[in-house]
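Take the sequences, apply the hints, and build the full model.
Number of protein chains: 2
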Amino acid sequence: MSSEPRNRQQTLALRKQFIGSSCKLFFPEDPVKIIRAKGQYMYDENGNQYLDCINNVAHVGHCHPEVVKAAHQQNLLLNTNSRYLHDNLVDYAQRLSKTLPEKLCTFYFLNSGSEANDLALRLAQQYTKHKDVIVIDHAYHGHLTSLIDISPYKFRNLDGQKEWVHVAPLPDTYRGLYRENHKDPATAYADEVKKIIDKAHRESRKFAALFVESLPSVAGQIIPPSGYFQKVAEHIHTAGGVFIADEIQVGFGRVGKHFWAFQLQGEDFIPDIVTMGKPIGNGHPVACVATTKDIAEAFSATGVEYFNTFGGNPVSCAIGLTVLDIIEKEQLQAHALRVGNFFLELLNQQKAKHPLIGDIRGVGLFIGVDLVQDQEKRSPASKEAEFIITRLKEEFVILSTDGPGRNVLKFKPPLCFNTKDAELVVDKLDMILRELEIRKT
Amino acid sequence: MSSEPRNRQQTLALRKQFIGSSCKLFFPEDPVKIIRAKGQYMYDENGNQYLDCINNVAHVGHCHPEVVKAAHQQNLLLNTNSRYLHDNLVDYAQRLSKTLPEKLCTFYFLNSGSEANDLALRLAQQYTKHKDVIVIDHAYHGHLTSLIDISPYKFRNLDGQKEWVHVAPLPDTYRGLYRENHKDPATAYADEVKKIIDKAHRESRKFAALFVESLPSVAGQIIPPSGYFQKVAEHIHTAGGVFIADEIQVGFGRVGKHFWAFQLQGEDFIPDIVTMGKPIGNGHPVACVATTKDIAEAFSATGVEYFNTFGGNPVSCAIGLTVLDIIEKEQLQAHALRVGNFFLELLNQQKAKHPLIGDIRGVGLFIGVDLVQDQEKRSPASKEAEFIITRLKEEFVILSTDGPGRNVLKFKPPLCFNTKDAELVVDKLDMILRELEIRKT
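The listed protein sequences correspond, in order, to chains F and R. Under numbering that gives the first Met the number 0, think of the first position of the first sequence as 0, with each following residue one higher. Under numbering that gives the first Met the number 0, think of the first position of the second sequence as 0, with each following residue one higher.
Be aware that a few hints might be false.
To be verified - In the DSBU-like style, the derived pairs of lysine-lysine whose C-alpha atoms are separated by at most 30 Å in a straight line are:
1) Lys-128(F) / Lys-382(R)
2) Lys-130(R) / Lys-153(F)
3) Lys-161(F) / Lys-128(R)
4) Lys-102(R) / Lys-193(R)
As the list claims (entries may be wrong) - One-sided excerpt, in silico: chain R residues whose CB lies under 7 Å from chain F:
5) Phe-17
6) Ala-36
7) Lys-37
8) Ala-70
9) Arg-82
10) Pro-284
11) Thr-308
12) Leu-323
Keep in mind the hints are simulated off the structure, nothing from the lab. Keep in mind that this is a model prediction, so the values were computed, not measured. Even glycine gets a Cβ: it sits at the ideal position worked out from N, Cα and C.
Here you go:
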């Protein structure tokens with residue numbers, strides 16, 4: 000669109016001039032200019048190829064030709080709001096319903112995961128007529144005012160905690176309250192939620208929801224112990240609230256074994272509301288809330304219309320449908336499982352060699368490498384993590400960190416990421432870890 | 000995308016099954032199925048052509064070939080987040096800055112007008128360190144939790160008014176507190192805002208913002224008296240708050256004389272924050288907040304990142320840039336002025352003939368026809384308005400109503416709407432008004 004291509008410095012100068020500085024760049028000291036991408040690879044203005052290990056939005060691969068084609072074909076025909084009947088909307092809802100437990104059969108379409116979580120909160124509060132929400136420590140549910148309120152990751156740095164928001168401990172069995180040596184961490188962490196509920200009840204507070212990322216992400220790529228969701232769901236239901244599973248980071252087959260990450264907890268677990276975003280449209284702004292008939296009916300009983308101008312338009316739905324088609328046709332869920340397991344194996348070999356690696360955890364292509372200064376104390380190796388991602392970028396591998404200590408290397412690549420890519424990353428990682436060890440000695 | 004085309008009833012049945020019933024259809028008794036659209040026309044599954052008088056989102060015309068092409072070309076290349084440098088983002092911000100007063104030179108990109116208004120509210124509250132907001136009666140600023148709080152159109156039917164939200168009278172000189180016979184309605188309405196501020200100050204409350212649609216839309220297509228914005232801006236500034244102009248419905252040349260509707264108030268008026276949505280991407284989910292360096296810096300001084308996953312991606316920006324190109328190349332702003340004036344003239348001829356028409360108001364292609372049961376009392380002719388839009392639909396003209404009495408016919412068509420379209424609508428309207436008059440006698 001530009002009259003003539005700019006060099007990196009010129010683009011950066013204009014960005015500093017015109018874009019709010021709260022919008023951060025990756026590698027702010029030496030940002031990357033990306034001009035095209037394909038599959039799991041991105042290319043800068045000099046033609047350098049980067050391996051993308053983190054973009055879970057480009058779910059079926061950057062610029063997947065079938066997604067691009069579906070968008071174009073629908074853009075040529077019609078892009079309007081959902082106040083007219085259109086088959087794409089109903090086809091898409093029906094297709095999504097087939098991926099979910101039968102109970103989750105009512106859909107709302109929106110433009111972003113944040114919009115989805117905001118609506119989920121409204122649905123829960125309307126249905127229960129309660130206000131209070133339990134969230135998990137370090138959670139991030141979105142950038143909107145209502146979501147900053149329920150995101151400890153954000154509100155700790157801003158206005159602080161609202162009286163209707165309660166923070167439960169992160170069910171992290173590596174660095175949390177109850178660890179791998181505990182005989183029943185799922186129950187122990189669930190009991191913490193129960194304690195919060197009991198305390199709040201003594202203060203006459205009432206619960207609308209427990210809001211949980213199916214796999215806590217910015218909290219450090221955490222995998223809650225199996226059975227935890229069933230137990231906390233029971234507690235929140237007893238308190239009259241609902242269970243909201245935030246699948247925005249991790250849904251759509253990423254975890255390999257299942258289509259939805261909440262299903263890792265077992266077939267007997269069914270959330271009351273599921274929110275979807277990021278990967279759903281492979282980069283196109285789409286999002287979705289799935290819920291039960293009862294909750295949807297309580298919401299419409301207010302008589303107040305819910306209208307989302309762009310939400311559920313025929314283009315977004317065509318794209319969403321095509322993403323589902325591709326996941327199926329290219330068997331990306333099975334691929335995520337296979338490549339993820341291979342990747343975990345390679346990483347575990349590294350763990351045996353490098354004392355900096357404290358923990359390797361993951362399911363499918365959602366993997367965290369927890370770096371520690373000390374294997375015993377498990378103190379976060381934040382600086383080392385920062386060094387590694389900076390060095391990896393010089394090696395044309397894009398990776399980033401998560402966790403409160405920013406010491407967890409997070410892998411959530413496009414699902415077309417393959418075993419060769421995994422080998423390349425692990426080789427580079429090995430090399431850089433050796434560099435670090437030489438420096439230290 | 001569907002395996003075989005469905006008839007209207009089949010699509011409707013699936014919609015009832017899978018889509019939350021809070022999401023309303025136009026003409027719920029007999030909804031329309033639209034399968035394609037071009038310019039100002041939409042087509043149903045039987046090939047019937049409808050004239051679209053209301054879709055301000057399809058700003059440069061449904062499926063404008065250049066917008067479709069820009070989306071496709073960029074989709075083929077790259078669609079990723081704004082954490083990498085990209086020229087489309089900075090080009091787009093720079094281009095938008097040229098349409099605005101110099102002071103409004105910092106931009107944030109998002110996915111919906113609602114996201115934009117939510118951020119505007121955060122910016123104002125962060126900058127001023129105050130909480131309270133003044134909004135205009137019957138205003139609608141979006142579907143998010145934070146915006147329902149500041150939208151009397153919504154909160155009156157839900158949780159009610161928060162203590163930090165103050166509602167000022169709608170500056171409606173036809174049906175409001177101060178009318179066309181008042182010697183200075185701008186000052187009179189502005190004094191009402193001043194009164195609210197003074198009263199709240201006595202209660203030790205502090206103001207973050209006055210939030211105003213540049214032309215109140217769901218309130219009934221209202222044109223605030225000239226000079227009103229300057230006066231209320233002075234009051235809110237004195238109180239330490241900022242002026243937020245919501246241009247989501249009416250920006251981008253619709254008003255003809257100016258590119259932004261707030262500019263109708265005079266060149267000496269400059270808002271502190273401007274929010275944009277709907278027409279900005281011709282249907283693609285894009286939105287924008289423009290503000291001053293000072294406000295942006297106060298926001299980033301918190302140290303908290305603002306990250307919007309899809310906001311400002313290269314595809315959205317390519318589309319936004321192309322929309323600006325088309326407005327310029329096709330001279331749509333001048334066209335809106337010319338066609339709007341012609342349309343207003345035709346409508347005023349009808350007013351002389353039909354006592355049901357109480358008021359005709361408009362600028363460019365933002366026009367309201369206020370229907371009254373009684374010219375003296377100005378009581379809303381709600382049922383008649385409903386009858387008219389239902390009959391117009393049978394005549395293949397899509398129109399809808401607005402205003403608290405749902406008695407204002409609202410025209411906000413794609414900007415390619417032409418004089419022939421205006422003639423057609425007015426002829427149909429004349430015919431239907433005569434039908435109504437015959438029924439009444």
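Requested in this report: Using 7 Å as the Cβ threshold, decide whether Lys-37(R) counts as touching chain F.
Outcome: violated, 9 Å
Query raised in the report: Taking only the CA atoms, is the gap from Lys-102(R) to Lys-193(R) under or equal to 30 Å?
Result: Answer holds: Lys-102(R) to Lys-193(R) is near 25 Å, not above 30 Å.
Query raised in the report: Close enough to count: is the Cβ of Thr-308(R) nearer than 7 Å to one in chain F?
Result: With a minimum Cβ separation of about 6 Å from chain F (threshold 7 Å), the hint on Thr-308(R) holds.
Query raised in the report: Under the criterion of a CB-CB separation shorter than 7 Å, is Arg-82(R) in contact with chain F as hinted?
Result: holds, 4 Å
**Report entry** Given pair status - Lys-153(F), Lys-130(R), alpha carbons within 30 Å
**Finding:** holds, 19 Å
Query raised in the report: Does Leu-323(R) pass the interface check with chain F, least Cβ-Cβ distance below 7 Å?
Result: Given a least distance of 10 Å, the restraint on Leu-323(R) is violated.
Query raised in the report: Lys-128(F) and Lys-382(R): Cα distance at most 30 Å?
Result: Between Lys-128(F) and Lys-382(R) the Cα gap is close to 34 Å, so the pair fails against 30 Å, i.e. violated.
Query raised in the report: Are Ala-70(R) and chain F close enough, Cβ to Cβ, to be under 7 Å, as the hint says?
Result: holds, 6 Å
Requested in this report: Tell me if Ala-36(R) is really an interface residue toward chain F, meaning its C-beta lies closer than 7 Å to one of theirs.
Outcome: holds, 5 Å
Query - chain F contact restraint for Phe-17(R) - C-beta distance below 7 Å - result: holds, 4 Å
Requested in this report: So, Pro-284(R) near chain F? Judge it on the closest CB pair being under 7 Å.
Outcome: OK, holds: Pro-284(R) within 7 Å of chain F, min 4 Å.
Query raised in the report: Straight-line Cα separation of Lys-161(F) and Lys-128(R) no greater than 30 Å?
Result: Since the Cα atoms of Lys-161(F) and Lys-128(R) sit roughly 17 Å apart, the hinted pair holds (cutoff 30 Å).
Of the numbered hints given earlier, the model fails hints 1, 7, 12; all others are met.
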